[in-house]
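Q: Line order of the protein sequences matches chains A and S. No gaps in the numbering here: position 242 of the first sequence is 242 in the numbering used here, and each next residue is one more. No gaps in the numbering here: position 213 of the second sequence is 1213 in the numbering used here, and each next residue is one more.
Because the hints were derived from the structure by calculation, they are not lab data. Wrong hints could be hidden among the right ones.
[Stated by the list, open to error] Quick partial rundown of chain A residues pointing at chain S, CB under 10 Å, derived from the structure: (1) 176; (2) 179; (3) 188.
[To be verified] Sample of chain S residues with no beta-carbon within 10 Å of chain A, all distances over it, derived: (4) 1023; (5) 1103; (6) 1122; (7) 1169; (8) 1211.
Ideal Cβ placement from N, Cα and C applies to all residues, glycine included.
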Amino acid sequence: MLSRWIDHTVHLLLALCVVITILTTLVVIVLLGKESILFFQQVPLWDFLLGTRWEPLLEPKSFGVLPLVVGTLKIVFGSIVIALPLGLLIATYLSEFASTRFRSTVKPVLEILAGIPTVVYGYFALTFVTPIIRTLFPDTQIFNAASAAIVVGIMILPMISSLCDDAFQALPGSLREGAYALGATQFEVAVQVILPSAAARVGAAVILALSRAIGETMAVTLAAGATPQISLGFLESIQTMTAYIVQVSLGDIPADGIEYLTCYAVGLLLFIMTLIMNIIGNHFITQTRKLHL
Amino acid sequence: MNDRLVDKQISLEARDLSISYGEKQVIQQVNMKISSHQVTAVIGPSGCGKSTLLRTINRMNDFIPTFSMEGEIIFQGRNIYGPYSDPGVIRQKIGMVFQRPNPFPKSIYKNVIWGPKINGYTGDLQELAEDALKRAALWEEVKDRLNESALRLSGGQQQRLCIARAIAMNPDVILMDEPCSALDPSATARIEDLIKELRDNYTIVIVTHNMQQAARISDQTAFLYEGDLIEYGVTKKIFTQPDKKKTEDYITGRFG
């Protein structure tokens, strides 16, 4: 009797946890939506999405979000250019070349990288990476996109290498055997059989990492600066969407003004971008499950 | 028994072959000569070491860290495990077909030509693919969809594709590790017919737990039991008047 009662209570408690999680998410979405509607009542949606000047705190105010989006995309692009090749090399080495013992030692160490607080990465960018870049390219501004992109790249590296390693390991051993039985070398097996066979899951890993890079806040706030601008260069100061939200949240901006509402509009856009990435990423993963790979 | 094989050309020979995984010995002192252009079946109950024996022939056991062996396997006059022997080169000459069909997730065409391509084949790949698929009795079924994914073929077709993949390397020997165990009876029948045809051009060593299959398709049969080669000889004789009591007990189904 008692055990059944305990079963029942545990069941309820666990269900409650699920409900709370879902509710919290819903509340966040509703709040983002509600405040954003207030914003879009004053600023037309197209002015926001397609405007090329982001000066909500200056007069005359301008609410074109593109400079922030470009800033964010620079970080995303730069970090993936660093993390993807490195991550693939690490995963290939761990999965196809390293001994089991080496792999089981190194993989957890790599995952520790993912546990370092992001503010430390930001500090690392500012005090270590930026000076190096400035030595190489003296024109580089103190705050610059390159430094932030590099540390965000390092930040998402464990995620990419770990997910890619999982993807390679999930491939059936019979696939490798089939290739070796044709006289293939380890390198040919890794590059021509394993990598293409795991392509969809590698794609999923990249997209999940992209969504992490889009949402990354502390490092870019510290290292990339606060200059919303549309440009192609990586050596100048930019501002990402997340860094802008930090700036407004910390500043002495009246909580009822349009300036404050910009936070919600930018936040909503950010949420939609990461949501789309996650949906695509998960779609990739379920697609490959169907193929039994 | 081996004197029966003397008139045939010998393709492979195991000399005092013992195999261990770590401390556990799985093959003891096997001596065996395998004739060219014959189908040699290795039978025996599960765990008798027949797959291990087969995989040792093309060095596929090299990937198992605890694997160790003594003795020699002679192929074309040289020890496969000799100091200058290259596993990659050996596997080009001694192909293998596995228990479960394992085509690459690439097109049918690319599956067939991948091996020759990486090993520097300089001839016409298109021609090579067609020839290999014809020899594997798959050409008629796939000639109009060579660029489709191999994973869309049926299990039996996939296994014939794996045979075509092995044939495309132009090997001397094809090892088959229970190639029909994942297939239905009609697909099995097609593969069995194919094996009998392939004998003209290749030396075939097939491991099977299916005694009827061994009786149907092989010229020579080896019976392994707990790592010992109990009896080896002409298939017909093994199945009708075996010399050893153990062999008779196994083929009559007294244990298995």
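Q: Against this structure, judge whether each hint is valid.
A: Hint check results:
no. : hint : in the structure
1   : 176  : holds, 8 Å
2   : 179  : holds, 7 Å
3   : 188  : holds, 5 Å
4   : 1023 : holds, 19 Å
5   : 1103 : violated, 7 Å
6   : 1122 : holds, 16 Å
7   : 1169 : violated, 6 Å
8   : 1211 : holds, 25 Å
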